[in-house]
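**Q** Using the hints provided, position chain B with the ligands relative to the given structure of chain A.
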Amino acid sequence: MRLFINKIFLALSVFSALIGLAFLGWILITLFIKGLGSFHFNLFLNDLIEGGLRNLIIGQFILAGLASLIGIPIGMTAGIYIQEYGRGKYAALIRDLSDIMMSAPSIVIGAFVYAIIVVPTGGTSGYAGAIALAIMMIPVVINTTDNMLSLVPRELREAGIALGASKYRVILDIVIKAAKVGIMTGILLAFARIIGETAPLLFTSETSNYFSLNLSESFPSLTVSIYDLANEPEESSRDLAWAASFILTVMVLIINLTGRFITRNKK
Amino acid sequence: MAVMKIKKFSFTYPGVDHPSLKNITLPIEQNKITALIGPSGCGKSTLLRSMNRIHDLYPGNKYDGKIELLDLETGKYNNILEIKKENEFIKLRQQVGMIFQKPTPFPMSIFDNVAYGLRIAGIKNRSELQDRVETALKGSALWKEVHDRLDRSAMGLSGGQQQRLCIARAVAVKPEVLLFDEPTSALDPISTGAIEELIVELKKDVSIAIVTHNMQQASRISDYTAFMYLGDLIEYDKTENIFLNPKEQQTEDYITGRFG
Ligand SMILES: Nc1ncnc2c1ncn2[C@@H]1O[C@H](COP(=O)(O)OP(=O)(O)OP(=O)(O)O)[C@@H](O)[C@H]1O
Ligand SMILES: [Mg+2]
Numbered sequence: 000m001r002l003f004i005n006k007i008f009l010a011l012s013v014f015s016a017l018i019g020l021a022f023l024g025w026i027l028i029t030l031f032i033k034g035l036g037s038f039h040f041n042l043f044l045n046d047l048i049e050g051g052l053r054n055l056i057i058g059q060f061i062l063a064g065l066a067s068l069i070g071i072p073i074g075m076t077a078g079i080y081i082q083e084y085g086r087g088k089y090a091a092l093i094r095d096l097s098d099i100m101m102s103a104p105s106i107v108i109g110a111f112v113y114a115i116i117v118v119p120t121g122g123t124s125g126y127a128g129a130i131a132l133a134i135m136m137i138p139v140v141i142n143t144t145d146n147m148l149s150l151v152p153r154e155l156r157e158a159g160i161a162l163g164a165s166k167y168r169v170i171l172d173i174v175i176k177a178a179k180v181g182i183m184t185g186i187l188l189a190f191a192r193i194i195g196e197t198a199p200l201l202f203t204s205e206t207s208n209y210f211s212l213n214l215s216e217s218f219p220s221l222t223v224s225i226y227d228l229a230n231e232p233e234e235s236s237r238d239l240a241w242a243a244s245f246i247l248t249v250m251v252l253i254i255n256l257t258g259r260f261i262t263r264n265k266k
Numbered sequence: 259m260a261v262m263k264i265k266k267f268s269f270t271y272p273g274v275d276h277p278s279l280k281n282i283t284l285p286i287e288q289n290k291i292t293a294l295i296g297p298s299g300c301g302k303s304t305l306l307r308s309m310n311r312i313h314d315l316y317p318g319n320k321y322d323g324k325i326e327l328l329d330l331e332t333g334k335y336n337n338i339l340e341i342k343k344e345n346e347f348i349k350l351r352q353q354v355g356m357i358f359q360k361p362t363p364f365p366m367s368i369f370d371n372v373a374y375g376l377r378i379a380g381i382k383n384r385s386e387l388q389d390r391v392e393t394a395l396k397g398s399a400l401w402k403e404v405h406d407r408l409d410r411s412a413m414g415l416s417g418g419q420q421q422r423l424c425i426a427r428a429v430a431v432k433p434e435v436l437l438f439d440e441p442t443s444a445l446d447p448i449s450t451g452a453i454e455e456l457i458v459e460l461k462k463d464v465s466i467a468i469v470t471h472n473m474q475q476a477s478r479i480s481d482y483t484a485f486m487y488l489g490d491l492i493e494y495d496k497t498e499n500i501f502l503n504p505k506e507q508q509t510e511d512y513i514t515g516r517f518g
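Protein chains in written order, with the numbering used here: chain A, 0 to 266; chain B, 259 to 518.
If we strip away everything but chain A, and leave its shape as in the complex, we get (with noise of 0.2 Å):
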């Protein structure tokens, strides 16, 4: 009986995890067909205005800049306070916080800073869209700090004050250092999941069809963008939302390959 139910499960599971690889697989495909379709390297080189993809493309990437050079210090402060320094309330708080803010829906995160940001600042704003974006990265990164850290042993932070060093001297030389590898894998999964967002630039940065490097105003975003594109009834603009989707889709793939490859080699 038990043998039996066991070979139920296992068809069940196989027969679920066909199920997902071929959707996973129909969506692929269907993105590299129409995507590379619709391909060609002057999208390069031209801005949207001008039927290419260059302002999206730069303007998606100083976005997830700018929102990790926000969220990653605060992210990385909090995660090593909770894990090195935090053992009460506190600490338990953060934590807390963060895994609900981390489940929060992206869209609801981009209402919210809609509403403390951009209409307070009365316009969107590529400031917006960064800190928008930098909230989404910020409990991913107090994950990571956080569980990385836990996993340097105690002894070593022991071995680092039995010779005198004062605790934050240990955490910043000798700890930090033993989980770097893992760390900087979060940070660039995380940065993978921030550039491939929509839902929180919607509408705080927007997206423009222009270069620009004014975060003061709407700025070329090119998964808003894509969203844009694939609603306009022109056969062309539809192209072009594929060749983005698929230009979005092979960049979010190299970052994650990228952090998996880092930490094979380290382990």
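For the record, the hints were derived by calculation from the structure and aren't laboratory data.
Model, not experiment: these values are computed from the prediction.
Some clues are possibly wrong.
[As the list claims (entries may be wrong)] Chain B stretches covered by chain A per the calculated footprint, using a threshold of three residues with CB under 8 Å from any CB of chain A:
no. : region
1   : 306-315
2   : 351-359
3   : 363-376
4   : 427-435
[As the list claims (entries may be wrong)] The calculated label-pair distances, taken between Cβ atoms and stated as ranges, are:
no. : chain 1 : residue 1 : chain 2 : residue 2 : range
5   : A       : Lys166    : B       : Asp409    : 54 to 60 Å
6   : A       : Leu150    : B       : Ala444    : 16 to 22 Å
7   : A       : Asn264    : B       : Tyr316    : 33 to 39 Å
8   : A       : Ile261    : B       : Arg377    : 46 to 52 Å
9   : B       : Ile381    : A       : Arg153    : 26 to 32 Å
Even glycine gets a Cβ: it sits at the ideal position worked out from N, Cα and C.
**A** Just chain B with the ligands now, with coordinates in the frame of chain A:
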């Protein structure tokens, strides 16, 4: 002469209602090796970890009694249980070094590992650092093996080499006392032999307290032995007396393997 005098010392972990060490009185003799033996859970590590107050990394411990450390510069004894200030803790840990059961190389180069404590102590001069690192590595019988790869990561060394590196790192800051908590229990017999030889060699310059589960090790290398049981110090004497002619029945039972 004793470099450390533990007097009526009791220790209680936070959240535990009974003390893990009760009324321990014990000297650590200068330039001698003192072995702490006893069955698992009797408090050997707890006692050792009190001697440099590494316990204080985790708050809420309760100390009673005194642990007096001889200050070699002034010739006076100071009670280390009275230490409260950060800079006094730093000084204590430079005077009383510690080596752990599992090797604890830092994720940096071999050179930087040995130089770590020196840099903490404020030595910045490059050539002085190089001299002290070389001396420490030679003193830990590791120089021959690593002199041509000092800038490589310490993580690439074997377990036995890592442990000798940790000893070099502790020796480099010229401590008065070195504490070893089962330093060979994670190592193969050959590395164990090398470490034992090294420890005996080191007693020219430092006083040593070592926790060990290995009776042969205790009798081979130590000058004095303390037998502990359930948080009490049962017997302390010259090692040969403990092993050949113990006064207490419990000591005899333990060293002859009848319990523990
Ligand atoms: N952090 C702690 N909190 C509470 N009790 C502890 C803690 N660490 C150790 N103890 C208790 O203190 C007693 C002494 O432990 P200790 O680690 O000093 O024993 P030991 O002699 O070193 O044993 P072993 O040979 O297994 O290393 C034990 O009863 C142990 O359960
Ligand atoms: Mg122990």
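**Q** Are there three or more residues in the region 306-315 of chain B whose C-beta lies closer than 8 Å to some C-beta of chain A?
**A** Satisfied; 3 residues make the cut.
**Q** Evaluate the given range 26 to 32 Å for the C-beta pair formed by B/Ile381 and A/Arg153.
**A** holds (28 Å)
**Q** For the region 351-359 of chain B, does the count of residues with a C-beta closer than 8 Å to a C-beta of chain A reach 3?
**A** holds (count 6)
**Q** 33 to 39 Å was suggested as the range; check whether the CB atoms of A/Asn264 and B/Tyr316 agree with it.
**A** Given about 35 Å between the Cβ atoms, the range holds.
**Q** For the region 427-435 of chain B, count the residues whose Cβ lies under 8 Å from any Cβ of chain A; is that count three or more?
**A** Coverage by chain A holds for the region 427-435 of chain B (3 residues, Cβ < 8 Å).
**Q** A range of 54 to 60 Å was offered for this pair. Does it hold for the Cβ distance of A/Lys166 and B/Asp409?
**A** violated (28 Å)
**Q** Per the hint of 16 to 22 Å, is the separation of the Cβ atoms of A/Leu150 and B/Ala444 within bounds?
**A** holds (19 Å)
**Q** Could you tell me whether the CB distance from A/Ile261 to B/Arg377 stays inside 46 to 52 Å?
**A** Violated, at about 29 Å.
**Q** Taking 8 Å as the Cβ threshold, is the statement that the region 363-376 of chain B is covered by chain A upheld or broken by the three-residue rule?
**A** Holds, because 5 residues of the region 363-376 of chain B bring their Cβ atoms closer than 8 Å to Cβ atoms of chain A.
When the structure is compared with the earlier hints, violations turn up for hints 5, 8 and for no others.
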